[in-house]
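Q: Protein chains in written order, with my numbering: chain A, 1 to 289; chain B, 1001 to 1230.
It is worth saying that the hints were derived from the structure and are not from the lab.
One thing to keep in mind: the hints can contain errors.
Stated by the list, open to error - Label-pair ranges, simulated between beta-carbon atoms: (1) B:Tyr1011 x A:Thr167: 52 to 62 angstroms; (2) A:Ile256 x B:Arg1111: 41 to 51 angstroms; (3) A:Ala202 x B:Ala1185: 48 to 58 angstroms.
What the hints assert, rightly or not - Chain B is nowhere near these chain A residues, computed Cβ spacing over 12 angstroms in every case: (4) Ala138; (5) Phe144; (6) Phe152; (7) Gly153; (8) Leu176; (9) Ala179; (10) Gly180; (11) Met204; (12) Ala209; (13) Asn211; (14) Phe213; (15) Met263; (16) Val267.
Note that the Cβ used here is the ideal one computed from N, Cα and C, for glycine as well.
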Amino acid sequence: MRLLTREALLSFRRAPLLSTLSVTTIAFSLFTLGLFGLVAINLRQALRGLEERVEIVAFVFRGTPAEAIAIATQDIAAFPEVGDVHFVSEEQALARARAELVEFRDAYRDLQVNPLPASIEVRMKEGYRDAATVERVADRLKGFSFVDDVRFGRDWIQRLDQLRNVTGLVGLVIGLAFAGVAVVIIGVTIRLTLLQRAREIAIMRLVGATNWFIRGPFLLEGALKGLFGGLLSLALCWAGWRLFRGGTGGPFTGLIFFRPDQMLVIVLFGILLGLGGSLVSVGRHLRNV
Amino acid sequence: MIRFSHVYKSYPNGALALKDLSFTANKGEFVFLTGHSGAGKSTILKLLYAEQQPTSGEARVSGYNVSTLKRDEVPKLRRRLGIVFQDFRLLEDRTAAENIAFALEVTGARRDTIAARVMRVLTQVGLSAKSRAYPRELSGGEQQRVAIARALVNDPAILIADEPTGNLDERATRGVFQLLRDINAGGTLVVMATHDLDLVRQAPYRIIELREGSLVYDSLADEPASEVGS
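Pulled out of the complex, with its shape left as it was, chain A reads as follows:
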């Protein structure tokens, strides 16, 4: 193991330019991926704010007994998709309208009869705020005999769904493309290292080194390049994030950076790419050296 590590590290010393070049290219590939990741997590953060407003309102017939509503509210709260259930009486609805709809305050003041129905407001749990689930819960609410009508923002929930799908798809495509680029780059640099060290490999074989012994340092070298590339890309992402976020009070001060576990994933991904690139390259080219 000591020899393996020493040989892998020696390759950095023997070919500093090539090693720097490969680490830098890996770093830039992962940097682009990381930047997209930053956009994605910030977009997701923004979407989460919108998603929290996903709400179903079930309007209740006048004269429905309070007990029936109380039992139904408990039933609805037990739905696995439902996070929060809130009953709004006719009086509370009117009070809210008077407070929120200031321009109609005069009209509401002169009313003899309260025209607003009571309602049950249902908020969905996180992860259940997609259009299909919301519609399913809405249908179940319609099944209660005292429910007159059920409303939810069908259009904008569907748009939210589309936005979520599109960002996920774009992220996946760009991520895969850059991962592919990184693998190719690592493969090429490992191949160059193999050619550069062909003489050494030939000597290793002559003195009886096994194929896995010869491969080991190259695989470790690839993994190390991935590790360094991953760390460098994180540093670049952080610099980019700081630059874009600007000082306090700017429009982007709310932008978030990766959590420690997400940073770990990026670095691990770098290592995986490095290892993958080396494996492919060593497997393909070692027999020709």
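Please build the complex by placing chain B on the supplied structure of chain A, with the hints as guidance.
A: Just chain B now, kept in the frame of chain A:
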């Protein structure tokens, strides 16, 4: 130790490198392989260290059948051989001692034994004072001695030398040849391919001469076996 039985070797371009070659060589022998360029000397050596396999026939080396040897068994065979080349094949960025230690490290030798084993073979080849010298700081003869020390460090049963004096002046040639004789005197089977007929005549060793891939002369066939080798 070495047994070739009706070995043929042809290359994909159709060239026939060896034709119906049969010979045996035993522990303690010193065998010269002679012949013009292209006669098949290097092909025999490549079969010995399983760089290539016979097209037909059987080649057995140190208990391994090279004709049927699997790829993952090749390192096992090579650990029982020492191989020396005309161009030394030393790693330029490592000292003499590191070059030799490398051969031990790649075969998984215990770390605490490496330094002593390296010094032992360096002393054996007369280079203990130059253990820290890089190949570029050594003469051709000294580089070949380092290569021989590397070949010896795993205590091989067979030492294979492919034109080991081809790049050396007369004085260095004598020194390296004497070193190979000393190694042979210790019981190691030495197989040496060479063009140098003066060298061949210097010692009463077995000579196998090849021409266009065929064995045309084997001195052992004309002499009692007890007089050959040591």
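Q: Need the list of violated hint numbers for this structure, in ascending order.
A: 3, 11, 12, 13 and 14
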